[in-house]
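Chains as they are written, first to last, in our numbering: chain A, 29 to 138; chain B, 1316 to 1423; chain C, 3 to 328.
Hints listed in this document are in silico derivations from the structure and should not be mistaken for laboratory results. Keep in mind that the hints are not guaranteed to be accurate.
[What the hints assert, rightly or not] Looking from chain C toward chain A, a few residues come up when the C-beta cut is under 7 Å (computed):
| no. | residue |
| --- | --- |
| 1 | 195 |
| 2 | 199 |
| 3 | 205 |
| 4 | 277 |
Please read all numbers here as calculations on a predicted model, not as lab measurements. Cβ atoms here follow ideal geometry from the backbone N, Cα and C, with glycine treated the same way.
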Amino acid sequence: MDAWSNVVEIISIVFMAIGAFFIFVGGVGALRMPDFYTRMHAASLTDSAGPIFILIGLILHTDSFLVAIKLFTVLVFILITGPTASNALASAALLAGNKPSLAVKQTTAE
Amino acid sequence: MIFYIVAFALVITMCLALVRAVRGPGLYDRVLAVNMMGTKTVLLLAVIAYIMGRPDYIDLALAYALINFIGVFAVLEFFRTRESQLALTSSTTQSGQEKALDEQGGQS
Amino acid sequence: MIEIFNIFLMAMLVITALAMVSSRHLFITVMLSGIFSLLVAAIFLFLDAADVALTEAAVGAGISTVLFLGALALMDVEETARGERWVRVSSLVVVAVTTIALVYATFDQPLFGDPNAPINLHVAPWYIENVPVHMGIPNIVTGILGSYRGYDTLGEVFVVYTAGIGVLSLLGDPVKNRMNRPVQNHGLRHYLIPRVVGRMLIPFIILFGLYVQFHGEYSPGGGFQAGALIAAAIILFAILEGENRALNVIPMRVLYLMMASGALLYGGVGVATLFMGGNFLEYTVLGSTMVSGQQWGILLIEAGVGLTVTGVLITIFHAFAARSNL
């Protein structure tokens, strides 16, 4: 039984480390990408992947069932609302006239 | 120990998002930064609850995960409302910079 | 170790505040104020104040941003030209002198968490010992807020109610302002995905708001946070479906009733305890034992607080949004 709980703990640490890595990559991407849509892509992809790993790592680490259910609910809501907000934001930006910087023939200065 | 590392990564990413919010040309980059800060705050609240040893605090993360996207929808709706209002009234008293800002969706 | 995170977050607060002050386009300032509230909520949680962090996240980052945007939709988004040079320099001097005086005053305070500070020797242990004995609830903050400092919370409920009345008297009845607005033909209600997903989430937000309201005696929560959450759900409905439909679903007379009846419930509990033989807001006389009386009292007044806060926040949103093309 001890070996099993050690394995679960190691898996949870690995998941949380992977999640932290994704979050950090998303932050760097949002800073260094050249255009609004590419930044949006970096931020929204990692905002879905990072919480999955971090919250599953936290669920594996906890003892109480109620806390695990609450964390799972947080994960479900993040996965539902994150892509929706990104979709709405990208649609609104496109309809307002932001053009992706590589998709337009460079006839005028950007 | 791993909790401190995750919390540190989250705080560093919040700093990077803040740089995007301060620098980002136009309005939509800043809305993107606010959205990023929101999801990082939800995760930070969940991780702090574990660092402090009080799992009751996960309620805060749940509450904020539900409220986070209302701000994004609100800014999109009110920004479109304002543009349609300008199109309806076609005010001539706007300054040139403001008109350019609104027409290009906030790219200034 | 926690202090390093606090220092990081507070440094980010200062940067955000400077960016807010130096920006001329007010939409950007409102977005930065949303970030400010998020940072403050995280700092409060690091300082182990969970009720305050929940209130700051719900009210500051959610509702407050939406209300500012609603007000901005009605006016110019560019700040007017700055004042003359002597005005700016003198205001800078006044602010600097006040800041230095306040920072100097904090040198006399005991350090945060000092076990020999007077508040940790006398005030906090008394509350920690007596709240389980008198009231039997685990959340000490709700016990202090609801019972030991009940007058203060009564004043806060009336302040919130006064804010609602003040906004209504300045901006007028939303339904009358709505009569001569053209119907908007583009907006979020014409994007399918946000509309479907948002409508699906509204019942869950309301359910969670009710959980926070009634569970406020056992976990961080209470009337203010629950009111902000439920108001956020209704505001989301108004943003997604349009202002006309939102004014039909929850009519203004229901909102007026909610605002007034919450404050009336709170004051009514106080008057009822007077008639039952105790002092004003002495909940002990409401039940057969002290513990049950206190719990009944806290339950009723938190319901009053939740009703008023919900009504006022939705009313303020309608007062702004009814005048715009939402």
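Which of the numbered hints are not met once you compare them with the structure shown?
Hint check: 3, 4 fail, others pass.
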